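*Asks:* Given the coordinates of chain A, assemble chain B with the ligand onto it according to the supplied hints.
Top line first, the protein sequences correspond to chains A and B. Numbers 0 to 404, taken from numbering that gives the first Met the number 0, label the letters of the first sequence in order. Numbers 0 to 139, taken from numbering that gives the first Met the number 0, label the letters of the second sequence in order.
The hints are simulated quantities; they were obtained by calculation from the structure and are not laboratory data. Treat the numbers as computed from the prediction; the structure is a model and nothing was measured. Just to be clear, a hint being listed does not mean it is correct.
[Claimed, not checked] With a Cα cut of at most 30 Å, we get these calculated BS3-like pairs of lysine-lysine: (1) A:K234 / A:K159; (2) A:K159 / A:K235; (3) A:K106 / A:K179; (4) A:K305 / A:K318; (5) A:K298 / A:K6; (6) B:K20 / A:K318; (7) A:K235 / A:K179; (8) B:K96 / B:K46; (9) B:K124 / A:K367; (10) A:K318 / B:K124; (11) A:K135 / A:K179; (12) B:K20 / A:K367.
[Claimed, not checked] Computed, partial: chain B to chain A, Cβ under 10 Å: (13) E8; (14) I10; (15) C37; (16) Q66; (17) A121.
[As the list claims (entries may be wrong)] Which stretches of chain B does chain A cover? Using the computed rule of at least three CB atoms under 8 Å from a CB of chain A, they are: (18) 11-17; (19) 51-63.
For every residue, glycine included, the Cβ atom is placed at its ideal position computed from N, Cα and C.
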Amino acid sequence: MITDTEKRIREEFPLINSTTLAYLDNSATVQKPKCVLDAVSRYYENDNANPMRGLYDLSLRATEDYEKARSAAARFIGAAPEEIIFTRNASESLNLVAYSYGMNFIKEGDEIIVSVAEHHSNFLPWQQVAKVTGAKVIWYDCEEDGRFDLDTLLGLLSDKTKLLAITQVSNVLGRVNDVKTMAKMVHEKGGVIVVDGSQSVPHMAVNIKDLDADFFAFSGHKMYAPMGIGVLYGKKALLDKMPPFLYGGEMIESVTKERTTFAEVPHKFEAGTVNAGGAAGLLAAIEFIEKYGFDFITKREDMLTKRAFDRMKEMPFIKILGGEKAEDHHGIIAFQVEGVHPHDVSQIFADSDIAVRAGHHCAQPLHKHLGIMSSTRMSVAFYNTEEEIDRFIEVLSGIRSRMGY
Amino acid sequence: MSTNTFYNEIINEHNLNPYHKHSIEGANFSLEGVNPSCGDDIILNLKVEDGVITDGAYEGDGCAISQASADIMLDLIIGKTKEEALHLADIFMRMIKEKISDEEKEELEEAGILESVSHMPARVKCAVLGWRTMSEMFGR
Ligand SMILES: Cc1ncc(COP(=O)(O)O)c(C=O)c1O
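Chain A on its own, in the form it takes in the complex (with noise of 0.2 Å):
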C-alpha cells in the first residue's frame, strides 16, 4: 500500500509511475520529473539558438535562459552567480580544479591530503596532479564506523600542505563530514579545501559560504536535473587568478594572431557551445526540489533510510558498512552479506525487481582500507516508498537460502 503522498510525489515522475521496479539506486543517478524533461524541450522548441553569440532575439533569449540557471545554481547554494561554472558533471569540474588550479598553484614538496572515502572523481585528479607536479599525496583515514576524526587532520596538516580533497557526504558510508571545521583548519595551513557535493546537494540544503569551501562540484543528474549538466563553485578571488582550463570558442575577450585576452570568470572556463537545455533542465530541477524543500525530503529519505536501516541490523548475516546508527547514513546503505558475493546479490535483487548496486562504487581506497573487495548499496531518493522497502528487506532475508546455505 502506498500513501497519498507517495503517490503524489511518484505521479511527477513518468519512469517511476510506469514501472514496478524498486529503483534504489538513486546515489548513482536519480529519476527525472516531468517538469524538467518538459524545461529542457521547452528550452529546444522556445529558445535554442547559441547563446552569447548572436544578437538576435531568439539568441538572447538563449543567453538569458542559461544565466536565469546559473543563478538558481548560485542561489541554491548561497553563492554569486559569477562563482558557478557549469561543466558536465562533478567528475568534470573536480578536473577543472586540478587541472587549472592544482597543476598551476601546487609545486615539489607540496602535499595534498585526500580522505580515503573519495570516489576516484576527487582522488585520480590529484594523483596526477601530484605526479605532474612532484607533490605528495597525504592518505587521511576514518575510524572503523566512517568517522573522520579531526585530531587525525590535525596531524596530517602542516606548512607543506597545499589542499584537502575531500567529499561531504561518502557514496559509500553515507556519512556527513564537518568539512566547515575541516575548511577552517586547512585555511589556517593557507592551504584551500575542494569539497565534493555529489551526494550532499541532491539531499540537504547547502550554504557554501557557511561552509567556507574553495572549490564545490557537484552533478546534476543526482539532483534530478539532466545528465550532461554539472557545477563548480569557486571563490571569486582564487578563479580570477586560475588559467583557463579548455580553450577555444566564447572563453575570450580578444584574439589576435600573437596574443589572447580571456573573458571574465565565470566564462573563462567554459569554452565551447554550452548544455543550455541541459541548464534549463538544472534551473527546473532547483525550482523542484525548493517546491518540495528539504524540510521535506530529507526527513522522508531518513526514515526510509531508518526503516531499512533497522531491520538490516537484526539480520545477524548483515555487515553494514559505517557508522552504527541510521542517523550516520543519509539514505546510503551499503553492506555485505555473510558467504555471498555482492555481485550475487545484486543479481538476486535484479531478478527480484530491485535495483541495487555491487562493487567498488568507484571507491576503491575506502574499501580497501575497510579491508573488502566490494559491497552493495542501496540508496533511497524521495519518491522511493515504504513498500518498496519492505520488498527490499524480505529478498534481503532470503537471500542466503536461495544461495543454498
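*Replies:* Okay, now just chain B with the ligand, sitting in the frame of chain A:
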C-alpha cells in the same frame, strides 16, 4: 528470468562445496585470471602430461557464477587432452555469446546449465573467467 531457476542447486553446490578449489602439487601450467571491474580473481593450476590434463585445481575468490563455472570446467577437462579442452572452451564461449547446437550442448555436460548467462550481459565475464584463463594458458 527468475532467480529460482538460475541460482539452482548445481551452481550453489559448486560454489559452496567446490571439488577443485585447493592447491595441487606438480602443476606445470598456472595462470591468474581477473575481472578488474568486479574483483573476480582466480588462479588456475593444471598438470599436463603427454598432452593430457591429468590434474587441475583453482584458488581465488569471486561471485558464485565465476567460482562455480571454474569448478564445473575442471570437472569436465580433467582427463581430457589440451585440444579437447580448448574445443570445449570454444563451445562454451559460443554458448554464452551466440548459440550452439543441441549436440554441442551435450558435449558441455553440466556446464550447459550456464547457458542462461547469455541473457545476463553483466555476468558474462564472470561465467567465462575460468574458461578464458584456461584458453590463454594454452596460448589461445
Ligand atoms: C561522491 C561522488 N563524487 C563524484 C561522483 C561522480 O559524478 P559524475 O559521474 O556525475 O561525474 C559521484 C557519482 O558517482 C559521487 O557519488
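*Asks:* When the hints from earlier in the document are held up against this structure, which numbers fail?
*Replies:* none
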